[in-house]
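S.K.: Start from chain A and add chain B according to the hints.
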Amino acid sequence: MILRSQAGQKEAFGIIVKRYAGAAAGSASLLLGSYEDALDASQEAFVRAWRHIKRFDTRFPFFPWYATILRNVCVSHLRRRARRRTVVLSDGHAQASAESNPVLLAERNERRDRVWQAILALSSKHREIIVMSHFQGMSYKEIAAALGIPMGTVMSRLHSARQALRNELTDEEP
Amino acid sequence: MSCDEFKPLITGYLDDELPPEERALLEDHLADCEACARELAQLTKLKEELSMMEFKEPTDAELARYWRSVYNRLERGLGWVLFSVGAIIVLCYGGFKLIEEMIKDPGIAVLLKVGVVALVFGTVVLFVSLLRERLAVRKVDKYSKEVER
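Residue numbers (my numbering), protein chains in the order written: chain A, 1 to 174; chain B, 1 to 149.
Chain A extracted, bound-state conformation (with noise of 0.2 Å):
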């Protein structure tokens, strides 16, 4: 299909956009706080992704290089938002909290409900790379390549991520 793509076959591309679809959607609604901003924001990096398609090394899986480009998009959107003041972008897990839920999950329950929303309250830096980590499969050289910083980076700030949902769940069981 990768291949079809980039011999510019949009129905191709169109089996790739669907294929990935649900994870694209799911994980830009954990960056973003908002289905409606996440639904916007990966069909725009399927749109970016579609014209930069010939630059893509078929050696690779698809989906890391996409999550790239969605994470640039989702970052873009969070300037955007900031710059209208209408959320402060360090702290925009608190209004991402009140307005989004996790109706993007297969299998609900309480518990995961709640992980969904310690995920949301974390720090926008934590939570883009436990998205990264834990629900786009990247790995650590993937995600230092995604955000810049060196893989012993990568790991500590992993580490940190993960300790602060930890402690975020901690602190809100009974």
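Everything labelled a hint here was simulated from the structure, so no lab data went into it.
By construction, the Cβ of each residue, glycine as well, lies at the ideal position given by its N, Cα and C atoms.
Mixed in with the good hints there might be a few duds.
Pairs of lysine-lysine, DSBU-like flavour, derived with a Cα cap of 35 Å [unchecked claim]: (1) A/Lys125 <-> A/Lys18; (2) A/Lys125 <-> B/Lys7; (3) B/Lys47 <-> A/Lys141; (4) A/Lys125 <-> A/Lys54; (5) B/Lys45 <-> A/Lys141; (6) B/Lys56 <-> B/Lys7; (7) A/Lys18 <-> B/Lys47; (8) A/Lys141 <-> B/Lys7; (9) B/Lys45 <-> B/Lys7; (10) B/Lys56 <-> A/Lys125; (11) A/Lys54 <-> A/Lys18; (12) B/Lys45 <-> A/Lys125; (13) A/Lys141 <-> B/Lys56; (14) A/Lys54 <-> A/Lys10; (15) A/Lys54 <-> B/Lys56; (16) A/Lys125 <-> B/Lys104; (17) A/Lys10 <-> A/Lys141; (18) A/Lys18 <-> B/Lys45; (19) A/Lys125 <-> A/Lys141; (20) B/Lys56 <-> B/Lys45; (21) B/Lys56 <-> A/Lys10; (22) A/Lys18 <-> A/Lys141; (23) A/Lys54 <-> A/Lys141; (24) A/Lys18 <-> B/Lys56; (25) B/Lys47 <-> B/Lys7.
Negatives, chain B to chain A, calculated, CB over 12 Å [what the hints assert, rightly or not]: (26) Leu14; (27) Glu27; (28) Ala31; (29) Trp67; (30) Leu82; (31) Gly95; (32) Pro106; (33) Val120; (34) Val124; (35) Leu126; (36) Val128; (37) Glu133.
M.R.: Relative to the frame of chain A, chain B by itself:
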């Protein structure tokens, strides 16, 4: 090494991202340190919980709607490029002709001619300056980098 230095390694260990020598070092430490072993157990549990959270697969109708929206944007993208190129050509040509006629017209006050020329040059300078700034930001913006493997 102290526990604080070992702790980030626990995450690498959990994700199977540690080189063999660091892995062996951490395993030796875990055998002796109850606090780090507890940290590993807690993070393992958290990772398992996260791995069970999967996104819902959209229905066929939702996927069709989603793709239609992406497809429309792909088409509109080309339309916008053509529109923008056309608009720039028409505006530049029209503007040039208008200014040319205005300058040649002896009925228009010199002060007004100077004002219009200053306005045009000012706009060009501002545009070039903004463009240069955007390009410079793009060069150093880590968010614009694509993933390298």
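S.K.: Quick one: work out the minimum CB distance from B/Val124 to chain A and report holds if it exceeds 12 Å, violated otherwise.
M.R.: Holds, because the least Cβ-Cβ distance between B/Val124 and chain A comes to about 26 Å, which exceeds 12 Å.
S.K.: For B/Leu126, is the shortest beta carbon distance to chain A beyond 12 Å?
M.R.: holds, 20 Å
S.K.: Is the claim that B/Val128 lies outside the interface with chain A correct, judged by CB distances over 12 Å?
M.R.: holds, 23 Å
S.K.: Take a quick look at whether B/Lys45 and A/Lys141 sit within 35 Å of each other, Cα to Cα.
M.R.: Between B/Lys45 and A/Lys141 the Cα gap is close to 24 Å, so the pair holds against 35 Å.
S.K.: Within a Cα-Cα threshold of 35 Å, do A/Lys54 and A/Lys141 meet the stated pairing?
M.R.: holds, 22 Å
S.K.: Does A/Lys54 sit within 35 Å of A/Lys125, going by the straight-line distance between their CA atoms?
M.R.: With a Cα-Cα distance of about 30 Å, the restraint between A/Lys125 and A/Lys54 holds, given a limit of 35 Å.
S.K.: Would you check the hint for A/Lys54 and B/Lys56, treating anything up to 35 Å between C-alpha atoms as holding?
M.R.: holds, 30 Å
S.K.: Are the Cα positions of A/Lys18 and B/Lys47 separated by 35 Å at most?
M.R.: holds, 28 Å
S.K.: Hey, B/Lys56 versus B/Lys45, does the alpha-carbon distance stay inside 35 Å?
M.R.: holds, 22 Å
S.K.: Compute the least Cβ-Cβ separation between B/Val120 and chain A, then decide whether it is above 12 Å.
M.R.: holds, 29 Å
S.K.: Quick one, are A/Lys125 and B/Lys7 close enough, alpha carbons at most 35 Å?
M.R.: With a Cα-Cα distance of about 19 Å, the restraint between A/Lys125 and B/Lys7 holds, given a limit of 35 Å.
S.K.: Can you confirm whether the C-alpha distance between A/Lys10 and A/Lys141 stays at or below 35 Å?
M.R.: holds, 31 Å
When held up to the earlier numbered hints, the structure conflicts with 16, 26 and 29 and fits the remainder.
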